[in-house]
Every structure is written in C-alpha cells, then in structure tokens.
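Q: Given next are the chains, with one letter for each unit.
4 protein chains.
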Amino acid sequence: MDMDELLERQREFAAARDWEKDHTPKNLVMALSGEVGELTELFQWLTPEQAEAAMRDEELAWNVRDEMADVLLYLARLADVLGVDLMAAAEAKIDRNEHRFPPRDRDDAAHDPRPTGGDVGS
Amino acid sequence: MDMDELLERQREFAAARDWEKDHTPKNLVMALSGEVGELTELFQWLTPEQAEAAMRDEELAWNVRDEMADVLLYLARLADVLGVDLMAAAEAKIDRNEHRFPPRDRDDAAHDPRPTGGDVGS
Amino acid sequence: MDMDELLERQREFAAARDWEKDHTPKNLVMALSGEVGELTELFQWLTPEQAEAAMRDEELAWNVRDEMADVLLYLARLADVLGVDLMAAAEAKIDRNEHRFPPRDRDDAAHDPRPTGGDVGS
Amino acid sequence: MDMDELLERQREFAAARDWEKDHTPKNLVMALSGEVGELTELFQWLTPEQAEAAMRDEELAWNVRDEMADVLLYLARLADVLGVDLMAAAEAKIDRNEHRFPPRDRDDAAHDPRPTGGDVGS
Chain A
1 MDMDELLERQ REFAAARDWE KDHTPKNLVM ALSGEVGELT ELFQWLTPEQ AEAAMRDEEL
61 AWNVRDEMAD VLLYLARLAD VLGVDLMAAA EAKIDRNEHR FPPRDRDDAA HDPRPTGGDV
121 GS
Chain B
1001 MDMDELLERQ REFAAARDWE KDHTPKNLVM ALSGEVGELT ELFQWLTPEQ AEAAMRDEEL
1061 AWNVRDEMAD VLLYLARLAD VLGVDLMAAA EAKIDRNEHR FPPRDRDDAA HDPRPTGGDV
1121 GS
Chain C
2001 MDMDELLERQ REFAAARDWE KDHTPKNLVM ALSGEVGELT ELFQWLTPEQ AEAAMRDEEL
2061 AWNVRDEMAD VLLYLARLAD VLGVDLMAAA EAKIDRNEHR FPPRDRDDAA HDPRPTGGDV
2121 GS
Chain D
3001 MDMDELLERQ REFAAARDWE KDHTPKNLVM ALSGEVGELT ELFQWLTPEQ AEAAMRDEEL
3061 AWNVRDEMAD VLLYLARLAD VLGVDLMAAA EAKIDRNEHR FPPRDRDDAA HDPRPTGGDV
3121 GS
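Chains as they are written, first to last, in my numbering: chain A, 1 to 122; chain B, 1001 to 1122; chain C, 2001 to 2122; chain D, 3001 to 3122.
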C-alpha cells in the first residue's frame, strides 16, 4: 500500500459510514493529537533502555504499531481533507532542513556542551 | 518520494549531523508530540468555517504544510528507529477498522442523536 | 484543598509507592501530554454546540472532570519536581499578558476580519 | 494568588479583549494541547540528566516557568468555561488513586521486572 491507496481506502471508509461530516479540519487535528497522546502513554514510564527494547515485548510492540498506525491514518485523512500532498510537503521540508542545518564537523560536535537538538522541526 | 525514500533521506540526514544519539524512542515521541502541538496552534482559534478555508490563506497554508511535514518526518523517523513498517501497520489497522465499524445504514444515522465519532482510532 | 496541599498529597502518594524514581521531568512531561490527549479525545467529535453542553451529560461530565484532574495532578507534580511555583508563574504570566495584549476597543474588533486568537500563550 | 483569583483575573482579561467568543471548550482544549506541546519541546532533546538540571539554566528555567504557566492558564480557563471545580476534581482523583493503587511493599517492588508506571492517570 502506498500513500495514495491509503487515502483512497480512508475516503471510502468515511463515506460508507457517513463520517465525512465529522472529519472537519479541527476535529481531525484533535483526533491526531489524541492518538499521539496514546502513543506517548506507551512510552512515558519506560526507562531509555526499556524504550529502546520496546519492540522485543510482543504486547507492547503490537500496541506501538497500532498507535503509530492511528497517528498516520489521522494525519493522512487531515491531509486529504485539506488538500495537502503529504509526501511532497515532507520532501520539501527535508530539502529546507538540508540548507538550514549544514552537516556538522564531528570534532565540533565533540566540544559542544549543549544538546544539538536533532531539531529538524519547529 | 515514497516512504522508503523518506526514511533513507532521514537516516542520512541524522548520520551526517551526528544526531542519531538524540533520536531515541522517547525523544522522538516527544518531538512528534511537540510538532502536533504546533499544528494544533495553527487551528485553535479558527472557527470551523475558517478552518475549512485554511488552505486558501497563502501564509497559513504554507505553515500547515510545514507542520504536517514535521509530524510525518518525526513519525517516520520513530518508525525507522523502532523497526516499525508504518504503511503495513496502517493497512492492518484499516483492515481491523473495517471489521470493528461495519458500514452504517444511513437511515439509522439520521436518527442517531449523538455523534458517531468517526472514531477509527483508540 | 489548595495548591500546597495538593503538592503535599502527591509527594506522600509517590513516596509510599516508590514511584519517585519514575517521576523524572521528561516522564512527567510525557504523562501530562498523555492526559491532555485523553481530554482531547472527549471533545474531538463533538460539534461546537455539543461541546458547550458537555457538562449536562452526566457520564461525559464525570470523564471531563476526571481528565482535567489528571492534567492538573501531573502539571503540579512536574512543578514540584522541578521546583517551580506554579501559581506565582501563572500570576507573572497574566501580568505580562496584560501588557502584551492591551484591551481592545470593541469598535475595532467589529472591523477585524480575522480571529484575534485569544492567544494568551506562546 | 489562589485558583479563584486566577479564574477571576482571566475572566476580566478575556472580557476586556472581547475574547470570550473565542474561548469555546474545543478551542481551549486545543490551546491547552498546544501549550503542552511547547513545554514538551523544551525537554525533548535533553538527556535525563540535563532535564533534571533544567532549572539551573537561567534561560531554560524562564521558559519552563512560562510554558507551565500557559498550561495552567488554559486549563483553569477551560475549567471556568465548563463550570468544573478544578481543585475539587483533583482532590477527588487523589482519593480515588489512593484506593486504586494501594501503597506497595518495597520488597515486592524490588522484584518487579516491569516499570510500575507511576500511572496515577488514565
């Protein structure tokens, strides 16, 4: 399945259940936020080491895949309702990030006392 | 660009900046949550009508695409770090939802006083 | 109960269960975020009118109070762990907002085509 | 300042700016979520050790207090708009948690291979 097929299946799913009227931009942003909250809850009490090993716990791994799927489904549905091409937007953002954060010299990194952030967002 | 290419570009991006050590599961879940917060802020004071028309405001539309891209980028990066196949997880979830929420009879819907929820998550 | 008593009860609660080691700043920020996600889920599919009437639905009202309590409990616990005086911080922020957003002339408001935002944050 | 005074100042603040119409339950839930996102962004790239020491960095400490204040302000405003007594709800929740999570025997805790969670929410 690629992104276009995913959008198409969601469109049919919503139409068959008469849920299109519920899928307003604000409602979908809230639903996306709620699903990220559920994903967060799976990781909140794990130590960093437990979090790294999360996918070796069968039940936890199932739940992680389930919540990540929900996040993608609502993000994709929101994109479709708004007319946003999600993959094109992501590609454009990576291009911008390449210019905004030039690759670092690793010797510099070794002397940096603060976290670099890995901040490709905001 | 498809999802595999997106993952590959992010892998190279993180490696070139020595950010892999920052990209722990917990940190990426937090980053994803922060980006959804930024997306939420774009819509929070809009009326439902203004939200529907969001993409006709050029500056707002640019910001919506930018924040949605960030959400996808961190979600995809988290999936890569955890070893989750995001598109397969989404497809499996749509399959489960098809069984969990049988299509409604529209006459029933007309008589239902409560929101159906459109709840394909949780 | 005032804020100091709330902090004290949470301190005793965490100590009696040996949960202090789990209550790191990052974990508590994630827990706060998760609870806001649960609160969001209560409202996401409601129409604006249904949301205004939420507290007249007994079951929904109970859940809203329960989730809002959780948000406050984790926010207060985070403040305590970090040594932040939450009420003083809130008072200082209201003072700053009074200067940052001078009261509007209602005639101006009537001519403003865009939402003012009510944005006392960010 | 106590919670009642905070609510009163926010009421006057919103009324003086004609923002009451923006302060619908759904909008305030979104604003709360957005502010928690900003708080999350302050902590997302910090190591657990850096996060513990966050308040010793003057600039970061200022931002943490500022974002925590915003979270409390929107939570309190939402409570006021919905007619929820936030402190009473928090006290009732602590009472329920006392029964739901009996204090642990520390010897048991020592043998528990999984995180206890410290989960006073959900």
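Bear in mind the hints are in silico, worked out from the structure with no lab data behind them. Keep in mind that the hints are not guaranteed to be accurate.
As the list claims (entries may be wrong) - In silico lysine to any residue, SDA-like type, Cα no more than 25 Å apart, as pairs:
id: 1; chain 1: B; residue 1: 1021; chain 2: A; residue 2: 85
id: 2; chain 1: A; residue 1: 21; chain 2: B; residue 2: 1012
id: 3; chain 1: D; residue 1: 3021; chain 2: D; residue 2: 3083
id: 4; chain 1: A; residue 1: 21; chain 2: A; residue 2: 85
id: 5; chain 1: D; residue 1: 3021; chain 2: C; residue 2: 2049
id: 6; chain 1: A; residue 1: 21; chain 2: B; residue 2: 1099
id: 7; chain 1: B; residue 1: 1021; chain 2: B; residue 2: 1047
id: 8; chain 1: D; residue 1: 3021; chain 2: C; residue 2: 2005
id: 9; chain 1: B; residue 1: 1021; chain 2: A; residue 2: 96
id: 10; chain 1: B; residue 1: 1021; chain 2: A; residue 2: 103
id: 11; chain 1: A; residue 1: 21; chain 2: B; residue 2: 1047
id: 12; chain 1: B; residue 1: 1021; chain 2: A; residue 2: 21
id: 13; chain 1: D; residue 1: 3021; chain 2: C; residue 2: 2053
Claimed, not checked - Far from chain B, some chain D residues (derived; all Cβ distances over 12 Å):
id: 14; residue: 3037
id: 15; residue: 3046
id: 16; residue: 3060
id: 17; residue: 3082
id: 18; residue: 3091
id: 19; residue: 3104
Virtual Cβ for every residue (Gly too), placed ideally from N, Cα, C.
Q: Does residue 3021 (chain D) pair with residue 3083 (chain D) here, judged by a C-alpha cut-off of 25 Å?
A: Holds, at roughly 16 Å.
Q: With the threshold set at 25 Å, check whether the alpha-carbon distance from residue 1021 (chain B) to residue 85 (chain A) stays at or below it.
A: 31 Å, violated
Q: Would you assess whether residue 3037 (chain D), listed as outside the interface, keeps its beta-carbon beyond 12 Å of every beta-carbon in chain B?
A: Contrary to the label, residue 3037 (chain D) does not stay out of reach of chain B, its closest Cβ about 1 Å off (not over 12 Å).
Q: Taken at face value, is the distance from the CA of residue 21 (chain A) to the CA of residue 1021 (chain B) at most 25 Å?
A: With Cα atoms ~43 Å apart, residue 1021 (chain B) and residue 21 (chain A) exceed 25 Å; violated.
Q: Does residue 3046 (chain D) clear chain B by more than 12 Å, comparing its Cβ with all Cβ atoms of that chain?
A: 9 Å, violated
Q: Can the restraint linking residue 1021 (chain B) and residue 1047 (chain B) be considered satisfied, given a maximum Cα separation of 25 Å?
A: 41 Å, violated
Q: Quick one: work out the minimum CB distance from residue 3082 (chain D) to chain B and report holds if it exceeds 12 Å, violated otherwise.
A: Since the minimum Cβ distance to chain B is about 17 Å, residue 3082 (chain D) lies beyond 12 Å and the statement holds.
Q: Determine whether the non-interface label on residue 3104 (chain D) survives the test: each CB of chain B must be over 12 Å from its CB.
A: Non-interface label on residue 3104 (chain D) holds, nearest chain B Cβ at 24 Å vs cutoff 12 Å.
Q: Starting from residue 1021 (chain B), check that the Cα of residue 103 (chain A) is at most 25 Å away, please.
A: With Cα atoms ~15 Å apart, residue 1021 (chain B) and residue 103 (chain A) stay inside 25 Å; holds.
Q: Hinted pair, alpha-carbon criterion (25 Å max): residue 21 (chain A), residue 1047 (chain B). Please report holds or violated.
A: 15 Å, holds
Q: Over 12 Å from every CB of chain B: does residue 3091 (chain D) meet that, or does the non-interface label fail?
A: 28 Å, holds
Q: Verify the proposed pairing of residue 3021 (chain D) with residue 2053 (chain C), using a straight-line Cα cut of 25 Å.
A: 15 Å, holds
In the structure shown, a violation is registered for the earlier hints numbered 1, 2, 7, 8, 12, 14, 15, in ascending order.
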